[in-house]
Amino acid sequence: MAGKTLYDKLWDSHVVRQEEDGTCLLYIDRHLMHEVTSPQAFEGLRLAGRKAWRSSSIVAVPDHNTPTNHWDRDIEDPISKAQVDTLDANIKEFGALVYFPFKHANQGIIHVIAPENGATLPGMTVVCGDSHTATHGAFGALAHGIGTSEVEHVLATQTLVQKKSRAMLIKVEGQLGAGVTAKDVALAIIGKIGTAGGTGYCIEFAGSAIRGLSMEGRMTVCNLAIEAGARAGIIAADDTTVAYLQGRTHAPKGADWDKAVAYWKTLHSDADAKFDAVVEIPAASIEPQITWGTSPEQVLAVGGTVPNPAKEADPVKRASIERALQYMGLQADMKLTDITIDKVFIGSCTNSRIEDMRAAAAVVKGKKVAANVKLALAVPGSGIVKRQAEAEGLDKIFIAAGFEWREPGCSMCLAMNADRLSAGERCASTSNRNFEGRQGPGGRTHLVSPAMAAAAAIAGHFVDIRQA
Amino acid sequence: MKAFTRLNGLVCPLDRTNVDTDAIIPKQFLKSIKRSGFGPFLFDEWRYTNYGEPGMDCTNRPKNPDFVLNQPRYQGAQVLIARDNFGCGSSREHAPWAIEDYGFRVIIAPSFADIFFSNTYKNGLLPIVASAEIVDRLFKECAASEGYKLDVDLEAQTVTTPSGFSFKFDITPHRKHCMLNGLDEIGLTLVHAEEIKAFEAKHKAAQPWLFA
Chain H
1 MAGKTLYDKL WDSHVVRQEE DGTCLLYIDR HLMHEVTSPQ AFEGLRLAGR
51 KAWRSSSIVA VPDHNTPTNH WDRDIEDPIS KAQVDTLDAN IKEFGALVYF
101 PFKHANQGII HVIAPENGAT LPGMTVVCGD SHTATHGAFG ALAHGIGTSE
151 VEHVLATQTL VQKKSRAMLI KVEGQLGAGV TAKDVALAII GKIGTAGGTG
201 YCIEFAGSAI RGLSMEGRMT VCNLAIEAGA RAGIIAADDT TVAYLQGRTH
251 APKGADWDKA VAYWKTLHSD ADAKFDAVVE IPAASIEPQI TWGTSPEQVL
301 AVGGTVPNPA KEADPVKRAS IERALQYMGL QADMKLTDIT IDKVFIGSCT
351 NSRIEDMRAA AAVVKGKKVA ANVKLALAVP GSGIVKRQAE AEGLDKIFIA
401 AGFEWREPGC SMCLAMNADR LSAGERCAST SNRNFEGRQG PGGRTHLVSP
451 AMAAAAAIAG HFVDIRQA
Chain E
1001 MKAFTRLNGL VCPLDRTNVD TDAIIPKQFL KSIKRSGFGP FLFDEWRYTN
1051 YGEPGMDCTN RPKNPDFVLN QPRYQGAQVL IARDNFGCGS SREHAPWAIE
1101 DYGFRVIIAP SFADIFFSNT YKNGLLPIVA SAEIVDRLFK ECAASEGYKL
1151 DVDLEAQTVT TPSGFSFKFD ITPHRKHCML NGLDEIGLTL VHAEEIKAFE
1201 AKHKAAQPWL FA
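Here the protein sequences come in this chain order: H and E. Residue numbers for the first sequence follow this note's numbering, beginning at 1 and rising by one. Residue numbers for the second sequence follow this note's numbering, beginning at 1001 and rising by one.
Hints are computed from structural coordinates only; laboratory data are not their basis. Some hints could be false.
[As the list claims (entries may be wrong)] Quick list of simulated restraints, FRET-style, between CB atoms: (1) 178(H) to 1211(E): 56 to 64 Å; (2) 1036(E) to 316(H): 49 to 57 Å; (3) 1075(E) to 50(H): 34 to 42 Å; (4) 254(H) to 1201(E): 21 to 29 Å; (5) 1054(E) to 331(H): 31 to 39 Å; (6) 305(H) to 1064(E): 25 to 33 Å; (7) 12(H) to 1075(E): 49 to 57 Å; (8) 424(H) to 1075(E): 30 to 38 Å; (9) 362(H) to 1177(E): 53 to 61 Å; (10) 315(H) to 1008(E): 28 to 36 Å; (11) 315(H) to 1145(E): 15 to 23 Å; (12) 316(H) to 1066(E): 41 to 49 Å; (13) 423(H) to 1187(E): 42 to 50 Å; (14) 1063(E) to 312(H): 27 to 35 Å.
Beta carbons: idealized from backbone N, C-alpha and C, even for Gly.
Build the full structure now, drawing on both the sequences and the hints.
Following this line, the structure appears as structure tokens:
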């Protein structure tokens, strides 16, 4: 019998029961929540007269609607405020292990605060009504996004009705080049397998380049698994994981800690495990990446040129390139480094952790944002990240360079609050989606790493960070 | 949930790949705390030429005449056909809510994003995966004949065109049972409450830190 994959181990240890057709009832350890996808679930629970099965599994925070400046003015948009107030009321009624309301010192993006508070642990099943829940797979946890009906299902039963996905292994072996970050690794993977390449799979990221990443970098890679179509991305827990978790608020303590660490060390794919698909990408082949279109798979190395639809034989793909170029206002065959930008956004659950802030600050230190850049935002992922960055003086570096240093939240990644692009504006963004209208109606998004976004802010156009 | 058994419905063709949930229902409408009322805002940025806001009356908003949903021949459509990777991006269930609220009951595409795919079933909306060749044929036939309808039979798991061409589709027995009968999945799961409790006790004994 072949050995087990990490995915097999995580799955098998949470199956409550299995139907004949393979449908399983999967036990859920951690239920993350924000204000956008939970109100209808709580309402459903109330209407049916049901209770929350185990509210101590809940970690919640408002993050999508919250403003990132003028906190003294509270939430000015009444509809946004009503949604945040609804989360407050629901948590008050049903309870939670952790709740950081708006303006709490530790408030931030749900996918940043759960790990930094030790509420995401190896071996867990983690769900949230948010597709970027894949982030938590960085800890060797089975973590994925769910819809609101499933949020209600988990609230009421502590389980999910699931069919097992297939297992894909993506191996990145070798040393990443200078200026190449976790974000570039993830974008290069999406460029290679496509935005539907991981559909129906759980992706395990492995190889020496992945093992060499910090927890922040691993979270960036797993966060973007969903943009490759995979609900979940996972990385085996190792010494880096254990060192990150030790001493965090909700991490195990004392004898439990030793027992937990011993268990976590078993959470890796066996040497003879079989995967349904294997993709290998040499680390040395990965260069700094920029998306040029309106899907994360429309991505190229920084030295490239904008694709020419005339050279595409497949009519469906050709139409998609033409549409993207029209929306993005780009000319075929132009150099990516000739694209000028209007705004810069450093933040989001993909890239708002301390390491991201450090990388961007290192690039802008002692320099000034270019005159054509109307707005450059640095938005830390949480209160904890913000305070750490300020202790290191990063806020002063950003402000001196002409950036705005904001309060934590999802911000301009999806523009549910006031931080957004106007029609036709072009943004160098460290977020995760370059979809039409994502950062504001008519806005044009180019996804890049924090260092590449920072370098673009200074130059006013994209540059190769290796030559910046 | 609304039950789904059989439907003979007008087809609307949305000839795009990677239709994401941000396009299906833009973020400003996610501020609602209700499950209903999203239909008028379905594909808002493609459908109207002005910016949509929650609570707006859409009857007099300027429409984009080129967008397929605005064309007279597709009014009242119940079957949406689209290209690969439909429903990618955000997990927002507001996307299937908007599609269902507009009046669609079936979506046919060569592939769907995983989270969107499971969300549709919870809302009486049937996603059907067909080969790219079949979907292409449906697009061509739909363009060629006004009033093009498809017959979708969930019990038999078949889709039949007006000319009599028919193909089978897959659905798990569990999902089929829930859809045919319009069942509440939570109720079905709670039948196994004792098993869940037993699992939980065992799980807690093995990894007490998960329950700290």
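Against the structure, the hints:
no.	hint	in the structure
1	178(H) to 1211(E): 56 to 64 Å	violated (45 Å)
2	1036(E) to 316(H): 49 to 57 Å	violated (35 Å)
3	1075(E) to 50(H): 34 to 42 Å	holds (40 Å)
4	254(H) to 1201(E): 21 to 29 Å	holds (22 Å)
5	1054(E) to 331(H): 31 to 39 Å	holds (37 Å)
6	305(H) to 1064(E): 25 to 33 Å	holds (32 Å)
7	12(H) to 1075(E): 49 to 57 Å	holds (50 Å)
8	424(H) to 1075(E): 30 to 38 Å	holds (32 Å)
9	362(H) to 1177(E): 53 to 61 Å	holds (57 Å)
10	315(H) to 1008(E): 28 to 36 Å	holds (31 Å)
11	315(H) to 1145(E): 15 to 23 Å	holds (22 Å)
12	316(H) to 1066(E): 41 to 49 Å	violated (19 Å)
13	423(H) to 1187(E): 42 to 50 Å	holds (47 Å)
14	1063(E) to 312(H): 27 to 35 Å	holds (31 Å)
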